[in-house]
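As given, the protein sequences belong to chains A and B, one line each in that order.
If you read the first sequence in the working numbering, its first letter stands for residue 1, the second for the next number, and so on.
If you read the second sequence in the working numbering, its first letter stands for residue 1001, the second for the next number, and so on.
Please keep in mind that the hints were generated in silico from the structure rather than gathered at the bench.
Please read these numbers as outputs of a predicted model, since none were measured by experiment.
Ideal Cβ placement from N, Cα and C applies to all residues, glycine included.
Honestly, I wouldn't trust all of these hints.
[Said to hold, decoys possible] In silico SDA-like pairs for lysine to any residue, Cα to Cα no more than 20 Å straight-line: (1) 92(A) with 1068(B); (2) 78(A) with 189(A); (3) 109(A) with 1457(B); (4) 92(A) with 1550(B); (5) 109(A) with 1068(B); (6) 1356(B) with 54(A); (7) 92(A) with 1460(B); (8) 78(A) with 1550(B); (9) 1356(B) with 53(A); (10) 109(A) with 1112(B); (11) 92(A) with 1359(B); (12) 1356(B) with 72(A); (13) 1152(B) with 1068(B); (14) 109(A) with 125(A); (15) 78(A) with 1444(B); (16) 109(A) with 1454(B); (17) 78(A) with 1454(B); (18) 92(A) with 1444(B); (19) 78(A) with 1425(B); (20) 92(A) with 1445(B); (21) 78(A) with 1445(B); (22) 8(A) with 251(A).
[Said to hold, decoys possible] One-sided and incomplete, this derived list gives chain B residues near chain A with beta-carbon spacing under 8 Å: (23) 1105; (24) 1265; (25) 1429; (26) 1436; (27) 1437; (28) 1440; (29) 1443; (30) 1445; (31) 1447; (32) 1451; (33) 1554; (34) 1557; (35) 1560.
Listed here are the chains, written in short residue letters.
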Amino acid sequence: MAEVLVSKKLTKRFGGLEALSRIDLEVQENSIQSIIGPNGAGKTTFFNCVTGFYTPEEGEIFFYTHNLTGLSPDRVTKLGVARTYQNIRLFKNMTVVENILVGMHPHMKAGLIQGILRDRATRREEQESLEEARRLLRFVGLRGRGDMMAMNLPYGEQRRLEIARAVASRPKLLLLDEPTAGMNPSETQDMVHFIRRLRDELGITILLIEHQMRVVMNISELITVLDFGEKIAEGTPAQIQKDTRVIEAYLGRGAASGLGQQQSALAG
Amino acid sequence: MHTKSISPWKEAVQAGLIAGAIAVLLNLVGMTTAFSGRYIVSGWFTMGQVLFLVPMFILAYTTARKIAPQPAMHTALAGLVCGVIGSAVQAGLVLLGQVVNLRAMFINASPQLFEILTFGRDLPGLLLLLLAGSIMGVVGAVIFLLPERLAKSVLQALLWILLLGLLRDLVSTVTAQWVIKTKAFPDWLGWAGVLITSLSTFINKTIYSASGLKPLSAIVLFLLVGAWAYWRYGRPKRARITGPLTRRQQTQRVLGLGGIALLFILLPSILGIFFAEILDNVGLYILMGLGLNIVVGFAGLLDLGYVAFYAIGAYAMGVLTSPELGFFNLTFWEALPFALLATVIAGVILGLPILKMRGDYLAIVTLGFGEIVRLLALSDWLRPWLGGTQGIQRIGQPTIGSIILDSQQDLYYLFLAAIGIVAFIAWRLKDSRIGRAWMAIREDEDVAMAMGINHVATKLLAFATGALFSGLAGTIFAAKLHSVYPHSMNFLVSINVLSLIIIGGMGSIPGVFVGAFVLIAAPDLLREFAEYRYLAYGALLVAMMLTRPEGLWPEERRRLELHEEEGEVPLGEPPPVLNTPGG
């Protein structure tokens, strides 16, 4: 299997603070992989480096054969990486469909002049994009919500819309930043199911940051653990649950001795 | 279960004090006096009286709403309290004026003002003032008690009476010139001439008196407008979101647009020469408004130096056409593309350094840019090219064939054509890929970039388009005056354009038209207002932000998804999955 994303010795500093230090990470095609770690471990910083919001001080990021290091966010998106945000960031005063149409921006073509003249090709492009947007809405279970203002959607649906908007750019890799944050157990279950479908039915490779251990252990094929900007462990859910360094990072050194309890704590 | 109890009496007293303060302000800035000659209903009351009594009415109404639900008696009493206090404050002003010479500080606290406030009856008139104030307060509060539909109809009818009364002079000027025009009608149109003449007589002799509405016609109009409003409010509300139109709606829309277009084409003939100048000014501001609406309304880039592009357009037209400077001596049409190109380039030049700026910083820098352009035009350094304080004279005029478009009416059609093109462009762009990119940048720039939107190109496009429209306005303005002066390029132009967008509704194209008519035409139509233009703007903006922040004609959203519910299932590949997730 090919690697979709490879980061090599990725380092990001904010002043004296090393938010990420020499992170090596690989994401296999068609996998679902998680990044976990305590607050401030550098998970979102890693996402920001990949998507071009931050420029790393050292190291490189490759997406297939493209070097993403130092590219602007719009270029990264055009290559096929999409993301969502920890705190939902929709275009609040636009309708649901418009949000998705913005997501399709990179593979639409109409420029200023075509927009004014609205020639045959532009009309067809608009029509096709609209149909695709409707299909996407059905896929994420937002059918019939298309003409609502994004800000009027309930919380869970806003999360789904954000993912739909990311999917609209036809990504090969999707970065999800805490997709189940603030959700109740049944909504969380729906989201896990939904993320699997993104991979299984649309063939999108998924890298997610997640705090809920039940979700992480359930969904991930591979887990990377960060702590204070360093990668401290990597492995399958079963391996991670047994890893002493991970348990230390989460619960403190002393707790690591009573291993049995903590395993169940991590398993959720 | 009281979450927060409001004491109705405290509220009423507070409202009365506020009403009094507003009325005293209006009195002291001289508005009451300025409008005291303008009868709304002839022999009954003047606009001046409306100004110092209406605050009590409005505040009594809002207090009634605030303290609701209360027993009817309490509401009326609260209104009374508000009215009495509001007028008592003004009575206090009159009494104070007797003792102290207020004119040293408030030039408008004249004996004339006191005469108006006491209804010309000296100090006993103060009782009349208190009486009128309390009636206003009680009526304002009681209107709130009426069923909502009735209350809204009454308020609307009152507003119309006020407006029709105020517009008396205008209407009579307009109708008088109709009569003159009918003299030129050919014989076979004689019947139309008679019709128009009798309509004019009817309006001027039956509805209006020499000043204001006739009392009887005011009552009849009040009832008619009220009944019409009552009927209208009873109809189901039209949805704010527009969808794909049915055939019939499409025909209606085409007819409607055609009607509006015809009206605009005939407007100078209907209104007469007196209004052509005002219409030209409105047209100028609509053009600029449409441009700034793209920059601020669509793309969310707060530009306070928008006048710069207007100046560049006007000066470019001047430099290219004026024989006085003698550089190029082009005609208007030859110079137009170059002048527009110059504004677009200026838009890009301004855009480049401020790409990274947001919000307040952007506003400050654009403000500076506007001033720099004005100062450059004014400077001695560029005097040989731009004429310094003298400006540029003898600017080329637009021609069609051998006809020179130089009268205000001809230029109106030039504005109309320009507005037609520009409005069409703005309307098309709004629902295009670029328009959505602008809106995405307005909503969240970081995320927009993460959606693959190139923020550099997109923002520059917004600045350039906005600059182009403003530059177009500038070129026509230069041609209209045959000259440009640096002092007509001041900061207030930018503020006016921004205000009209806010009042019309950010991002709304019809809103630009509404805003321009309200802000630009209204003060010109009511001469007394001209002096208080900025006071009225400020009050209007504050009132709008409090009560209707979305603007007078807010942006409509198109229905895009609805389409499929009508059974028009699109062809093409089937949807990937039909069931909803998490099932």
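Against the structure, the hints:
1. 92(A) with 1068(B): violated (33 Å)
2. 78(A) with 189(A): Answer violated: residue 78(A) to residue 189(A) is near 31 Å, above 20 Å.
3. 109(A) with 1457(B): holds (14 Å)
4. 92(A) with 1550(B): holds (15 Å)
5. 109(A) with 1068(B): Roughly 56 Å separates the two Cα atoms, so the pair is violated.
6. 1356(B) with 54(A): Distance ~15 Å between residue 1356(B) and residue 54(A) Cα, so the pair holds.
7. 92(A) with 1460(B): Distance ~23 Å between residue 92(A) and residue 1460(B) Cα, so the pair is violated.
8. 78(A) with 1550(B): violated (35 Å)
9. 1356(B) with 53(A): holds (14 Å)
10. 109(A) with 1112(B): Violated, at roughly 69 Å.
11. 92(A) with 1359(B): It holds: about 18 Å lies between the C-alpha atoms, which stays within 20 Å.
12. 1356(B) with 72(A): Measuring from Cα to Cα gives roughly 13 Å; hence the hint holds.
13. 1152(B) with 1068(B): Distance of about 17 Å is within 20 Å: holds.
14. 109(A) with 125(A): holds (8 Å)
15. 78(A) with 1444(B): holds (18 Å)
16. 109(A) with 1454(B): With Cα atoms ~13 Å apart, residue 109(A) and residue 1454(B) stay inside 20 Å; holds.
17. 78(A) with 1454(B): holds (10 Å)
18. 92(A) with 1444(B): Between residue 92(A) and residue 1444(B) the Cα gap is close to 9 Å, so the pair holds against 20 Å.
19. 78(A) with 1425(B): Roughly 28 Å separates the two Cα atoms, so the pair is violated.
20. 92(A) with 1445(B): holds (12 Å)
21. 78(A) with 1445(B): Answer holds: residue 78(A) to residue 1445(B) is near 17 Å, not above 20 Å.
22. 8(A) with 251(A): Violated, at about 29 Å.
23. 1105: violated (47 Å)
24. 1265: Since the shortest Cβ distance to chain A is 24 Å, the answer is violated.
25. 1429: holds (5 Å)
26. 1436: For residue 1436(B), the interface hint holds, since the closest Cβ of chain A sits about 5 Å away, which is under 8 Å.
27. 1437: holds (6 Å)
28. 1440: holds (5 Å)
29. 1443: holds (4 Å)
30. 1445: violated (10 Å)
31. 1447: holds (5 Å)
32. 1451: Since chain A brings a Cβ to about 5 Å from residue 1451(B), closer than 8 Å, the hint holds.
33. 1554: Cβ of residue 1554(B) sits 11 Å from chain A, so the hint is violated.
34. 1557: Holds, about 6 Å.
35. 1560: holds (4 Å)
When each numbered hint is compared with the structure, violations occur for hints 1, 2, 5, 7, 8, 10, 19, 22, 23, 24, 30 and 33.
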